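Go by the hints and put chains G, S and D onto chain X.
In the order they appear, the protein sequences are chains X, G, S and D.
Heads up: the first sequence at position 172 corresponds to 172 in my numbering, and the numbers run straight through without jumps.
Heads up: the second sequence at position 321 corresponds to 321 in my numbering, and the numbers run straight through without jumps.
Heads up: the third sequence at position 181 corresponds to 181 in my numbering, and the numbers run straight through without jumps.
Heads up: the fourth sequence at position 90 corresponds to 90 in my numbering, and the numbers run straight through without jumps.
Note that these hints are calculated values from the structure, not bench results.
Predicted, not measured: the structure shown is a model, and the values here were computed from it.
The C-beta atom is built at its ideal place from N, Cα and C for all residues, glycine as well.
Fair warning: there could be bad hints in the mix.
To list a few chain D residues with every Cβ distance to chain X over 10 Å, as calculated [claimed, not checked]:
id : residue
1  : 30
2  : 280
3  : 316
Cut-off 27 Å, straight-line C-alpha distance, at most; resulting in silico cross-link-like pairs (DSS-like, lysine-lysine) [said to hold, decoys possible]:
id : chain 1 : residue 1 : chain 2 : residue 2
4  : S       : 264       : X       : 181
5  : G       : 141       : D       : 264
6  : X       : 284       : S       : 337
7  : D       : 337       : X       : 332
8  : D       : 264       : G       : 180
9  : S       : 337       : G       : 332
10 : S       : 337       : G       : 255
11 : X       : 180       : S       : 264
12 : X       : 262       : S       : 337
13 : D       : 337       : G       : 284
14 : D       : 337       : X       : 255
15 : G       : 305       : S       : 4
16 : D       : 165       : X       : 305
17 : S       : 13        : G       : 397
18 : S       : 264       : G       : 284
19 : X       : 284       : G       : 262
20 : D       : 13        : X       : 4
21 : G       : 332       : D       : 337
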Amino acid sequence: MELKFSQEDLEFKKEVRQFFENKLPADIKDRCERGLVIPKEMQVRWQKILFDQGWMAPNWPVDEGGTGWSLTQKYIFAQEAAAACAPPPMPFGVNMIGPVLIKYGTEAQQQKHLPNILNSDTWWCQGYSEPGSGSDLASLKTKAVKDGNDYVINGQKIWTSYAQYADMMFCLVRTDPDAKKQEGISFLLIDMNTPGIEVKPIIGLDLNHTLNEVFFTDVRVPIENLVGEENSGWTYAKSLLEHERSFIARVANSKQLLVRLKQIASTQRIGDNLLINNPDFRRKLTAVEIDLMALEYSELRFLAKQMDGGQLGPEPSIMKLEGSQIQQRLKKLLVESLGMYALPFDADARADESDYLAMGPEHAHGILDQHFYGRSATLVGGTSEVQKNVISRLLMKR
Amino acid sequence: MELKFSQEDLEFKKEVRQFFENKLPADIKDRCERGLVIPKEMQVRWQKILFDQGWMAPNWPVDEGGTGWSLTQKYIFAQEAAAACAPPPMPFGVNMIGPVLIKYGTEAQQQKHLPNILNSDTWWCQGYSEPGSGSDLASLKTKAVKDGNDYVINGQKIWTSYAQYADMMFCLVRTDPDAKKQEGISFLLIDMNTPGIEVKPIIGLDLNHTLNEVFFTDVRVPIENLVGEENSGWTYAKSLLEHERSFIARVANSKQLLVRLKQIASTQRIGDNLLINNPDFRRKLTAVEIDLMALEYSELRFLAKQMDGGQLGPEPSIMKLEGSQIQQRLKKLLVESLGMYALPFDADARADESDYLAMGPEHAHGILDQHFYGRSATLVGGTSEVQKNVISRLLMKR
Amino acid sequence: MDFKYSQEQTMLKDVVDRFVADNYSAEQRATLANTELGHSDSHWQTFADMGLLALPFAEALGGMEGSAVDVALVMESFGKGLVLEPYIPTVILAGGLISTLGNDQQQASLLGNIMAGKMKAAFGYCEPQSRFNPADVETSASPAGSGYILNGHKSIVWHGPSANKIIVSARTSGTPRSKEGISLFILDPNAEGVTRLNTRTADGQGASDLLLENVQIDADDLLGEEGKAYPAIERALQAAISAVSAEAVGAMEATNEITREYLKIRQQFGTALSNFQSLQHRTAEMYSEVEMSRSMSEALAMRLRDSDNDNNNDSHIGDEDTLPAQTTAATKVRIGKAATFIGENSVQLHGGIGMTNEYVIGHYYKRLMMIDILFGDQDYHSRQYEQLIYG
Amino acid sequence: MDFKYSQEQTMLKDVVDRFVADNYSAEQRATLANTELGHSDSHWQTFADMGLLALPFAEALGGMEGSAVDVALVMESFGKGLVLEPYIPTVILAGGLISTLGNDQQQASLLGNIMAGKMKAAFGYCEPQSRFNPADVETSASPAGSGYILNGHKSIVWHGPSANKIIVSARTSGTPRSKEGISLFILDPNAEGVTRLNTRTADGQGASDLLLENVQIDADDLLGEEGKAYPAIERALQAAISAVSAEAVGAMEATNEITREYLKIRQQFGTALSNFQSLQHRTAEMYSEVEMSRSMSEALAMRLRDSDNDNNNDSHIGDEDTLPAQTTAATKVRIGKAATFIGENSVQLHGGIGMTNEYVIGHYYKRLMMIDILFGDQDYHSRQYEQLIYG
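Extracted from the complex, chain X is given alone in its bound form (with noise of 0.2 Å):
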């Protein structure tokens, strides 16, 4: 058993630190550190000063791109990135399809679009949820119907993040109605500028425009699209949401909301005190503290199950529970920092884009588009009813 750090580690971490420290633009900082949306030039900005700088890819085999990196190196490089609030690169293009074309793609696929992922000259987006499959996926009904050289695609997606971006999207579609749910599914690559899309926004609780609807009038997808085999789509939406489960507790993104917690807290007055020399306050704050801390660690360990070469069973679930519990505690912890300022959430301050709240201190901004987005914390990527589903199935097993 070891928990240190190698020299090598070390000096790594001091490199990524200082890369975050030069070169992290101060606007974008600024807005991420408040938990605010991050605009489209925004994202692309830092994540092009990510691929200059060869770290965009650390998942990618070093010859698409990728870093090399060890897991440990990974792990640094997470909690560096948080703890500077630097924006995580958007996950569907490097994270999500970036890894299925590289194992699944043809050639053509991987020239035309690795590429443009890696240097964010393309943004994608996802397309699985349906108004009728949210938790249960795999009753998706978007219909894709082979016609000529094209699949024709009708039906709607929902929940698409980001879509209104995107300039392509990858899609589940089912292609064999007649199979079980699961078999009659396959993976497409859509270009969002063909004709027979539509894109509606769903404003969010944070009145933010991060959702949207997207729906499919006879669209023409050309059957080179599609990605490895026709009706295998849901092997590959699977090993994609492996993919994506690395730090899925988000521990590095919570330590960082603590700091900025007890910075909070150590300037919000109540009468003649600070509100970190509250005791109820502080107890609740070390509560999450403590609660993260168990979290880091057993991120810690499961990461190095992995780098023995051990496979996860329910980890991935309990760190996703955990995680998204953890997230949701601090987030309510910091509107409570505000007291009465945590009440004010002006709707048209944001329609001017002036950004900044009319009152309160400055630190309020931000701290409730955070809180109301990260409701979705225990909804996105599996529900916790859904982890605790899969936690107890596979226990029950053994």
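What follows is chains G, S and D alone, placed relative to chain X:
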């Protein structure tokens, strides 16, 4: 809306309080206050005092020996009894089989049993649960086969409280093995001295002998001991459960626990301070105190609804659910209040019947008994899980 | 002992329920919330016509002599529809203070206008450092001529943006957090030296910060005796907590009903969500929470009504040894806990659609969350409760 | 970074696991618990033969130079079987203190006997008023001749009844709760003036109160420097917390496994309990709790091992800015929470049978509950954690 006692109520309250002050024997009060099991002799002695006062059976009709109290008066009586640390009468006779016999019993059954229930000459126990039927009570298997003028009983009951003291048992048996599970059950009165009955103790987590297994081997029970119709026993059992429901939340009892907890916390030292001044402990106390207040107002509200002739729906299940949790929280806090002196729990001292621990503050005695036994609060009378099933079933029908 | 409404109360409830049913569908509310004002002057006039704006005031002043119980039943209906009009700030807080402390002239002019629906008002008692403590007043009022000069910062004045008059607390003597030395002033928010910063709260209501710089106040606009306002402030906040608790009960019941209906309709894995035991159990817990809350809310309303009438605690069932202030703090804690639990779980049980601004459940969630904070959160009122018991 | 056992550690674990499997079935344990001694001297000798009693001591003293990680793996196996022998009191607490503070003679005689299985020992640091604070020492040690006279009351000495020697803390100077002025003494529990009151704890282990009345102690039996014992006490308690945390992890895993097996077998309403979603979810939560606990326990063991070896925190992953004392407090809090949750729910999920003394699950529950209290409960260690951060 009115939340006041009438002048008569206030006078009744005074009378009841005086009765407990004058008539409750100190030795019984002491054991009850500590949360210790009340031995049979004490239980019967106290019940006979209640009988002499005419207050043994508040729920019976006046001409059968009831008190004729209003629901408000019953509430006052329950409050004062718990506040005075008077042990409640054993429910099996007066609260359970008594009302069933009054409603469904033959005149012979009534004449034979009711007077002895009222004056506590007969000790009853309840033969419901079986090894295979816990929450799923109706799946019971103990068989009664008619043979001449008798039923012949074979089978086993379990979790039979105080069967070791019992003269009589009311018992659910299967008389029609082919009917649907609720429909083949009959309700019998069984003399515990009948040959073929064997009572085996079950020692609980609290190391007390409260529970038993009861085995029946060819036990002959005269047919006149059948209550109501053959195969209709489930109906009577259900009607009995209704009677069990008044004050199911045990609010008065929890209020007494809270008083005790505050007394202990006001004497228990932490260094140069008292536990009651420790903000962590105090906050837990406040939290449960407030939840208990809400529970008490709910009890009053539902009582008022009944007084108006309203039908209760999910309310008794809610009261059971919340009430049992609050009891357990209070008993845990009592344990917590003792610090390191929560550890000792001396089986040998018990075997000696010396009853008192060799060490620790005097108030520590009985707290662990009460805590361990109290873990059953969320199990008996329908587990918390079953209560939630019931509540949601009723809600979803709306 | 009973928890029934009288015949008059039932009639009042029917009228308000009908108003909410007719005017506060999710769509109607969303439209209203998106207007500049954020609520409806026409509804406000309807309230005046219905007598709601006169409800708690003395008959002698033209009021209806309604009690905290009457107010609670109105607020519960309002909660069901998430009504946006500034009822509590105008009628309960400002109105309550004027009715308690005002001289004849103030009562006649201000309450008359309020009851007629011609004036909205608000109460500014918070400050940036005060968090939830109404005794924490750093804003100063110095004598100047026959009147006063105010300097300071009153924060998050609920429904400040639409208020024609704002009652503000300021210190005329005493140390910053002393209960002695606090005075109330009737402020014209358009007076010289007043900067009113307006915003919307997360649940779509108005709120203002008031920056007060050498604001001149006439002697006529001192409300009550100089330096002696604290007991009336405390009493007004108790009434407001009772009202907002009843609102929460209405909102929680609606939230639970909407959620259960959704679970019955929404299909996943080939069956309705309502068939999953873990979700069934959650709905049971949510139901239990609202029942406990209703009991507290109704008991508090009765407690405040009766303590207005006499001071004999002995005959009060269930809280013979409890001060009204204790019941108030306990109610706010209990309801805050329930509101948070129900709000968060209603979003969780809805899944994706619960996260959208268009669907109604998120608005219930936000209102419930705001109610938990308004007038003091669970920690604040737990501590208040403890101070009353342990000193 | 790895969480694997070395080959030696795996071998050690196999040996201890086998011992527990062979000797600590539910029935075997119950039989043992019901003896006068409450554990087995023959098992104790086996531990000596296996080298377990020499595990943490220096090679120079005849020990095996084992680290906190090695101790933890033994304790985890012990936790699985709810082993009753006084390993922590004798080896970790008393042994640890002697090994840290003892002079050559004390180490040779006492540790030798401990390692050989010839002596059991315990550590008396609590007092009736001290709750969990080891600096709260009112027992006094006054100089008398070349030795000391002890007066006071040491409470709930874990495994005191079977201890041949008990190390007790007493104050030689300083105010009652000062960390300065605390000394340790090696007490013969049969010495004149010592009244040893023996009892069993709820989880079937021994505990004593010691009433000390003018007890004479030789100068030779002062352990370490006079008045300077506190840091060693703190360190010994950290080691004990690490050990008991590992024990809790073993006990929690066993508890969860037993509970899941029961749910799979127990039929209700025509199906196995394991098919009810609400119970499935509970088992998932219970599993998650033990995983979080294991991570804390293993990290703490490594932390203590490494802080014994060097003081360079920089290279420690995950807690670069954290003191060992902080990790200790956090671990005790986290594991106390998990132990309580798992213990209570294991009884609840078993239903009636979980309430009986005969069935094994109640014994896991009781041990887990006691572990939550032992060496300080969640409140105590939360406050310790806060004091380390905020002062």
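Okay, the hints, checked on the actual structure:
Consistency note on residue 30 of chain D: stated as away from chain X, and its beta-carbon is indeed over 10 Å from all of that chain's, at 27 Å minimum. Not every CB of chain X is more than 10 Å from the CB of residue 280 of chain D (nearest about 4 Å), against its label as outside the interface. Once the 10 Å rule is applied to beta carbons, residue 316 of chain D is inconsistent with being away from chain X; the minimum gap is 6 Å. Between residue 264 of chain S and residue 181 of chain X, the direct Cα distance comes to roughly 23 Å. Compliance with the 27 Å bound is thereby established for this hinted pair.
In summary, the hint linking residue 141 of chain G to residue 264 of chain D is supported, as the alpha carbons are separated by about 21 Å, within the 27 Å threshold. Between residue 284 of chain X and residue 337 of chain S the CA atoms are separated by roughly 15 Å; this keeps the pair inside 27 Å, and the hint holds. For the proposed pair residue 337 of chain D and residue 332 of chain X, the alpha carbon gap of about 21 Å is at most 27 Å, so the pair holds. Of the pairs offered as hints, the one joining residue 264 of chain D and residue 180 of chain G holds, with about 25 Å between alpha carbons and a cut-off of 27 Å not exceeded.
A distance of roughly 21 Å separates the Cα atoms of residue 337 of chain S and residue 332 of chain G; the hinted pair therefore holds under the 27 Å criterion. With a C-alpha separation of about 21 Å, the suggested pair residue 337 of chain S and residue 255 of chain G falls inside the 27 Å cut-off, and the hint holds. With a CA separation close to 25 Å, the supplied pair residue 180 of chain X and residue 264 of chain S stays within the 27 Å bound. Note on residue 262 of chain X and residue 337 of chain S: the hinted pairing holds, with a Cα-Cα distance of about 24 Å set against a maximum of 27 Å.
The suggested pairing of residue 337 of chain D with residue 284 of chain G holds, with an alpha-carbon distance near 15 Å, which does not exceed 27 Å. Restraint check for residue 337 of chain D and residue 255 of chain X: satisfied, since their Cα atoms lie roughly 21 Å apart, inside the 27 Å limit. Restraint check for residue 305 of chain G and residue 4 of chain S: the C-alpha separation of about 8 Å stays at or below 27 Å, so the hint holds. Using a Cα cut-off of 27 Å, the hinted pair residue 165 of chain D and residue 305 of chain X is violated, with the two alpha carbons roughly 44 Å apart.
Restraint check for residue 13 of chain S and residue 397 of chain G: the C-alpha separation of about 26 Å stays at or below 27 Å, so the hint holds. For the suggested pair residue 264 of chain S and residue 284 of chain G, the alpha carbons sit about 37 Å apart, so the restraint of at most 27 Å is broken. Annotation: proposed proximity of residue 284 of chain X to residue 262 of chain G holds, straight-line Cα distance about 24 Å (limit 27 Å). Distance check on the hinted pair: residue 13 of chain D and residue 4 of chain X sit about 23 Å apart at the alpha-carbon level, within 27 Å; holds.
Restraint check for residue 332 of chain G and residue 337 of chain D: satisfied, since their Cα atoms lie roughly 13 Å apart, inside the 27 Å limit.
In summary, the structure is inconsistent with hints 2, 3, 16 and 18 from the numbered list given earlier, while agreeing with the others.
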